[in-house]
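**Q** Each chain, letter by letter, is given below.
2 protein chains.
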Amino acid sequence: MNNDEAEIRSLLAEFTGALRNKDADSAIALLAEDAITFDLAPPLEQGPDATHNPALLGEWFQTWKGPINSESRDLKLDVSGNVAYAYGLQHMTGTKIDGQEVDLWFRATACFRREDGQWRITHMHNSVPFAMDGSERALLDLQPE
Amino acid sequence: MNNDEAEIRSLLAEFTGALRNKDADSAIALLAEDAITFDLAPPLEQGPDATHNPALLGEWFQTWKGPINSESRDLKLDVSGNVAYAYGLQHMTGTKIDGQEVDLWFRATACFRREDGQWRITHMHNSVPFAMDGSERALLDLQPE
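Residue numbers (my numbering), protein chains in the order written: chain A, 184 to 328; chain B, 184 to 328.
The set of hints was computed from the structure by calculation and includes no laboratory data.
Some hints could be false.
Subject to a maximum C-alpha distance of 16 Å in a straight line, what follows is the list of computed EDC-like cross-link-like pairs (lysine to aspartate or glutamate) [unchecked claim]: (1) A:Lys279 x B:Asp316; (2) B:Lys259 x A:Glu216; (3) B:Lys279 x B:Glu242.
Footprint (simulated), chain A over chain B, 3 or more residues, beta carbon under 8 Å [what the hints assert, rightly or not]: (4) 263-276; (5) 290-300; (6) 307-315.
If the Cβ cut is set under 8 Å, some of the chain A residues that face chain B in the computed set are [claimed, not checked]: (7) Pro226; (8) Lys259; (9) Val262; (10) Cys294; (11) Arg303; (12) Thr305.
Cβ coordinates follow ideal geometry from the N, Cα and C atoms, glycine included.
Here chain A stands alone, though its shape is the one from the complex (with noise of 0.2 Å):
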């Protein structure tokens, strides 16, 4: 593993440990300037004025009881001089205050800047797939194979 792929690898375990103590202006320092997210939840696309605001991200994580446990696997990881982009399984557990124990798995993608000397998080995308049989339900059940 080279420096940079070090330096993404330690960037994005400081953001799961944001996530997992609900510290939303450390998560949100870790992002770019114009850092856009396509998350599970709508809307459609969060732009960076919305993955800047600690409130929103604050809303989020008062619907938690205990810590946000997300894990990765099998993370890719490609990087070449001042960008990168990193992807692969989460694996979202815990307990919602009205007692739902989450354990989510979901797909994760990332994108990388590096902005004078500081990698930065441009982009996340997070996502499960839907049902095609015409249900349209999102597929909240599914395990890695």
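Following the hints, complete the assembly by docking chain B onto the known chain A.
**A** Below, chain B alone, put in the same frame as chain A:
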């Protein structure tokens, strides 16, 4: 726009053209050997064997009556060295063989690597968000703001 950006935009246009013409071999020729896709339909991920299988793409093509149109909006693109990524909202329109008119906005992220002087697609992630109201419904009727 520099040369690399122009080459990647041209690669994406070629891919879109291959889908429109239902030309599985031409679409697959644009993929890197290790390409992994997170698509609208299950499974969670399609590994290199699945992404390079023209029969799988062909099955999907056969569910459409005429051309499959897919247009990008506000595509963001970053390139450095031999790595790049692009993302934006995608508008897919066409008619399924059962007469259903498709008019779908979804989120698309694509990653690229230059190998032996040629840019190739290493990863695609296509999705819609899902409703967090307990219905677990995939949101297929969202429009860009």
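**Q** If you draw a straight line from the CA of Lys279 (chain A) to the CA of Asp316 (chain B), is it 16 Å or shorter?
**A** holds (14 Å)
**Q** Is Lys259 (chain B) close enough to Glu216 (chain A), meaning Cα to Cα at most 16 Å?
**A** Distance of about 14 Å is within 16 Å: holds.
**Q** Using Cβ atoms only, decide whether Cys294 (chain A) comes closer than 8 Å to chain B, and label the hint accordingly.
**A** Since the shortest Cβ distance to chain B is 4 Å, the answer is holds.
**Q** Does the CB of Arg303 (chain A) sit less than 8 Å away from some CB of chain B?
**A** violated (11 Å)
**Q** Let me know if the C-beta of Thr305 (chain A) comes in closer than 8 Å to any C-beta of chain B, holds or violated.
**A** Holds: closest Cβ of chain B sits about 7 Å from Thr305 (chain A), inside 8 Å.
**Q** With a cut-off of 8 Å on the beta carbons, see whether Pro226 (chain A) makes it to chain B.
**A** Holds, about 7 Å.
**Q** Counting residues of the segment 307-315 of chain B whose CB is closer than 8 Å to a CB in chain A, do you get three or more?
**A** n = 7 at 8 Å, threshold three: holds.
**Q** So if I understand the rule, the pair passes when the alpha-carbon distance is 16 Å or less; does Lys279 (chain B) with Glu242 (chain B) pass?
**A** holds (13 Å)
**Q** Under 8 Å is the threshold here; is the Cβ of Val262 (chain A) close enough to any Cβ of chain B for the hint to stand?
**A** Holds. Min distance 6 Å.
**Q** With a cut-off of 8 Å, does the beta carbon of Lys259 (chain A) approach a beta carbon of chain B closely enough for the hint to hold?
**A** holds (7 Å)
**Q** The segment 290-300 of chain B covered by chain A? Criterion: 3 or more residues, Cβ-Cβ distance below 8 Å.
**A** Contact hint for the segment 290-300 of chain B vs chain A: holds, 4 residues under 8 Å.
**Q** Counting residues of the segment 263-276 of chain B with a beta carbon closer than 8 Å to any beta carbon of chain A, are there 3 or more?
**A** holds (count 8)
Consistency with the previously given hints fails for number 11 only.
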